[in-house]
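S.K.: Quick note, the sequences are listed as chains A and B, same order. In this text, residue positions in the first sequence follow this note's numbering: the first is 5, and each later residue adds one. In this text, residue positions in the second sequence follow this note's numbering: the first is 3, and each later residue adds one.
Any given hint could be a false lead.
Not the full set, but computed from the structure, chain B residues with beta-carbon under 10 Å of chain A [as the list claims (entries may be wrong)]:
1) GLN39
2) GLU81
3) PHE104
4) PRO107
5) THR112
Worth flagging that the hints you see were computed from the coordinates, not collected in a lab. Backbone N, C-alpha and C define an ideal beta-carbon position, used for all residues, glycine too.
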Amino acid sequence: AQSVSQHNHHVILSEAASLELGCNYSYGGTVNLFWYVQYPGQHLQLLLKYFSGDPLVKGIKGFEAEFIKSKFSFNLRKPSVQWSDTAEYFCAVTFTGNQFYFGTGTSLTVIP
Amino acid sequence: EAQVTQNPRYLITVTGKKLTVTCSQNMNHEYMSWYRQDPGLGLRQIYYSMNVEVTDKGDVPEGYKVSRKEKRNFPLILESPSPNQTSLYFCASYRRPEDEQFFGPGTRLTVL
Numbered sequence: 005a006q007s008v009s010q011h012n013h014h015v016i017l018s019e020a021a022s023l024e025l026g027c028n029y030s031y032g033g034t035v036n037l038f039w040y041v042q043y044p045g046q047h048l049q050l051l052l053k054y055f056s057g058d059p060l061v062k063g064i065k066g067f068e069a070e071f072i073k074s075k076f077s078f079n080l081r082k083p084s085v086q087w088s089d090t091a092e093y094f095c096a097v098t099f100t101g102n103q104f105y106f107g108t109g110t111s112l113t114v115i116p
Numbered sequence: 003e004a005q006v007t008q009n010p011r012y013l014i015t016v017t018g019k020k021l022t023v024t025c026s027q028n029m030n031h032e033y034m035s036w037y038r039q040d041p042g043l044g045l046r047q048i049y050y051s052m053n054v055e056v057t058d059k060g061d062v063p064e065g066y067k068v069s070r071k072e073k074r075n076f077p078l079i080l081e082s083p084s085p086n087q088t089s090l091y092f093c094a095s096y097r098r099p100e101d102e103q104f105f106g107p108g109t110r111l112t113v114l
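Here chain B stands alone, though its shape is the one from the complex:
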């Protein structure tokens, strides 16, 4: 089954404690993206990757890091999380920008 998986699905952490949210796709897509969804703000792109070792900033990259060492994986790293990063995070993969994005189930992060 074609899918995008994210782990963990729910995470509560404290300010400053480094965390990683994993994202994996099994569709051999070149592109992957991370978004955060906040009430009243919709989805905002954090980072995207065009292929292995090729990443670029989206609209709201501050406080986040990503890496793309393998085509299927695109982890999101918060080196020092802060309460304003409390949000619902979605990973997506797609073959080309004009194609459909396939979204993961989301990770709900709370930073205390």
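The shape of chain A in the complex, shown without the other chains:
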């Protein structure tokens, strides 16, 4: 069965530190990839997405992600985190175009 793995469950960083959250998926075919963020008490919202073209994708709030097909990965990065980035981050994949698979989420805490 298809699956999505997020290896970091809880991450604690100081402000201005760099962030990289891992995401790997199991399917070798065509994929659409997403990162969503859930700030405390808020709805899930899209950070960025990839479905074709440049494998380096830039999203909102200074986030970016790189699709590496050979590694089945779509890691999320940010050069310098802020306290306001404290949230839960979810990687999501659709393989067939209809069914979606989400990772288990990474809880990020940024210490001022």
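Following the hints, complete the assembly by docking chain B onto the known chain A.
M.R.: Same frame as chain A, now just chain B:
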């Protein structure tokens, strides 16, 4: 304002008592989905709909039913709820699978 609404936001019920969680979107999106979010498991797709009268199973459809009689509404029905359906439920709508999903605020369901 573009939004996805869910009702109720909180529900406590007993085993076997049928319930419906409503979901409505005002963006004229073709696609709608239901997810459940459980600690350590992330979001898992229950059912999705590609358009009116077109629905299909997600990853965890057992114990749930859906219908899509109108484009804007996608209710989730639990005919005979059980304690293992205690969870946080999210509805989402989107124009196409490669586009952003817009999530509702969530419904926290407790089945005693």
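S.K.: Hints first: check each against the structure and report whether it holds.
M.R.: Results for each hint:
no.: 1; hint: GLN39; verdict: holds (8 Å)
no.: 2; hint: GLU81; verdict: violated (23 Å)
no.: 3; hint: PHE104; verdict: holds (8 Å)
no.: 4; hint: PRO107; verdict: holds (6 Å)
no.: 5; hint: THR112; verdict: violated (19 Å)
The structure shown violates the earlier hints numbered 2 and 5.
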